[in-house]
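Going down the list, the sequences are from chains D and F.
Position one of the first sequence corresponds to residue 1 (full-length UniProt numbering), numbered consecutively onward.
Position one of the second sequence corresponds to residue 1 (full-length UniProt numbering), numbered consecutively onward.
FYI, nobody ran anything at the bench for these hints, they're computed from the structure.
Among these hints, one or two may not hold up.
One side only, chain F facing chain D, incomplete, derived with CB under 8 Å [claimed, not checked]:
#  : residue
1  : D4
2  : F6
3  : Q8
4  : N35
5  : H153
6  : A157
7  : S201
8  : G204
9  : Q223
10 : S225
11 : M228
12 : E315
13 : M317
These numbers were taken from a predicted model, which means no experiment stands behind them.
Backbone N, C-alpha and C fix where the C-beta goes; we use that ideal spot for every residue, glycine too.
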Amino acid sequence: MYCEQCGKRPASVIVKQTVNGNTIERHLCPVCAAENHNINYTFEQDPMAIHQLLSNWFPNQKASVNPVKKEMAVCPNCGFTFSKFMEIGKFGCATCYDAFEDHLDNIFKRLHNGNYRHEGKIPSAYGSTLKIKKEIEELRKQMQVSIAGEDFEEAAKLRDEVRALTLQLEGGGADGN
Amino acid sequence: MEIDRFLQPKASSWMETDSENADIAMSTRIRLARNLSDFKFPYSFSEDEALKVDKAISSVLIDQGRKLNLEFTHIDIQEILPLQREVLIEKHLISPYLVKESHSGAVLLSENEELSIMVNEEDHLRIQSLRAGFHLKEAYQVANDLDNLLEQHLSYAFHEKYGYLTSCPTNTGTGMRASVMLHLPALTMSQQIARIIPAISRLGMAVRGIYGEGSEALGNVYQISNQMTLGKSEYEILQDLESMTDQIIQQERRAREAILNNSPVALEDRVYRSLGTLANSRLLSTEEAATCLSNVRLGIDLKLIKDIDMSILNELMIFMQPAFLQQYSGSPLQPTERDIARAKLFRERLNKDSVTNKGEDFA
């Protein structure tokens with residue numbers, strides 16, 4: 001089918017316009033459709049087409065990953081499967097992030113120039129818990145360094161600090177997750 | 001009806017410009033995407049959940065907004081007329097996507113229209129802060145203050161590793177999209193923009209024409225925005241975007257100078273022909289109006305035109321759009337009728353109020 005407006009290019013976009021309650025459907029080519037920007041919000045095309053990008057990004061995985069296993073990743077909260085996420089490029093709920101976590105680092109790296117960790121703002125409700133966790137992480141690293149350097153006295157001191165913080169976390173960190 | 005206030009033919013305060021670089025950087029926008037932890041996201045929730053989300057967010061906003069001296073008006077998207085929705089879209093107060101959704105959605109607008117909070121767009125909550133000119137950090141501050149207030153009363157979906165959880169993986173992390181609207185006629189004329197766009201995209205930012213991707217920017221207006229929301233803090237993202245925008249502004253200034261030096265008469269001719277078209281046409285299409293507006297704006301910036309107030313151009317840019325034209329003619333208009341109404345709007349505005357000396361302020 002050719003574009004209804006120019007009659008030259010093939011029609012690939014359906015534009016719906018409602019005037020006085022009557023919906024008119026027009027088959028247009030992308031060029032003419034773009035000219036009608038007053039009505040272009042009814043495009044039935046996703047301009048970002050993230051799902052297309054996502055599915056094109058993993059050509060090798062498709063072949064190697066067992067398709068049955070892939071189907072198995074289902075979000076227990078909203079019922080989205082991993083394939084549905086890949087298809088529409090959107091999460092169904094917060095639990096999806098946990099359900100699909102195995103694949104997410106790679107996806108985020110593709111979308112965010114190699115990054116997959118949040119480095120920004122933390123809501124205050126999560127802030128204190130997260131701060132303690134980061135501190136523990138840091139102390140553990142220092143502990144490894146001490147052990148490697150055979151400074152066992154320092155390592156024991158660090159271990160006690162980690163213990164104290166862990167206790168604090170278990171006691172007051174219920175709101176953290 | 002309360003919504004009428006937001007449909008008036010006057011510029012929102014964020015459309016008025018008088019600060020440094022406001023000649024090129026026309027407006028700034030910060031958007032924060034947030035979801036509530038107790039509800040499924042809009043792609044999978046039920047109508048019942050949609051209503052509960054709207055109620056939860058709206059009541060907190062209306063109650064708590066007063067602490068920041070903000071009075072919000074709640075507008076249910078499904079209750080207003082299609083034309084009114086389009087007017088809100090044309091004013092950038094809501095997104096086209098909010099209108100497309102079939103479930104309950106709403107927008108809460110602050111009186112000065114600098115804050116617009118969309119409920120149940122792609123995410124439960126989209127805080128939008130708008131500013132005239134180039135003010136990324138100020139706009140972020142306003143959005144962030146509201147966000148801080150809301151998080152005390154709403155439980156956000158937040159992940160230790162991935163940050164704020166959003167429907168789209170391109171927003172996960174900070175949930176922040178910062179953007180600046182830029183008028184780049186000289187970089188467009190000299191075709192330098194074609195080289196700038198791909199270079200910027202490699203740095204985790206994007207430049208687009210304001211009307212869709214790929215197609216040439218209508219009226220030489222582009223939008224630059226961050227694409228990365230993970231791996232950098234809000235501050236770093238804003239810093240990077242700010243310095244990139246600064247560089248583009250300097251490039252545009254250099255290109256303007258070059259054109260002014262190399263072909264002053266041709267440029268002046270172009271500017272005044274455009275002014276003539278806007279002030280005298282009987283039929284004016286959106287494309288022609290946008291192109292001419294861009295030329296006249298450039299003429300004012302370069303002080304070739306001194307007797308037209310820039311704020312009139314800013315208003316016309318918004319009001320020349322189809323939904324606005326129809327809202328004020330009181331009936332739907334066919335494309336030709338719109339071109340007639342648009343031409344009339346420009347003639348009236350440019351021949352009546354334009355003869356002031358305010359143009360001097362916009363150096």
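Verification of the supplied hints:
no. : hint : result
1   : D4   : 21 Å, violated
2   : F6   : 18 Å, violated
3   : Q8   : 20 Å, violated
4   : N35  : 7 Å, holds
5   : H153 : 11 Å, violated
6   : A157 : 4 Å, holds
7   : S201 : 10 Å, violated
8   : G204 : 5 Å, holds
9   : Q223 : 13 Å, violated
10  : S225 : 13 Å, violated
11  : M228 : 5 Å, holds
12  : E315 : 18 Å, violated
13  : M317 : 14 Å, violated
When the structure is compared with the earlier hints, violations turn up for hints 1, 2, 3, 5, 7, 9, 10, 12 and 13 and for no others.
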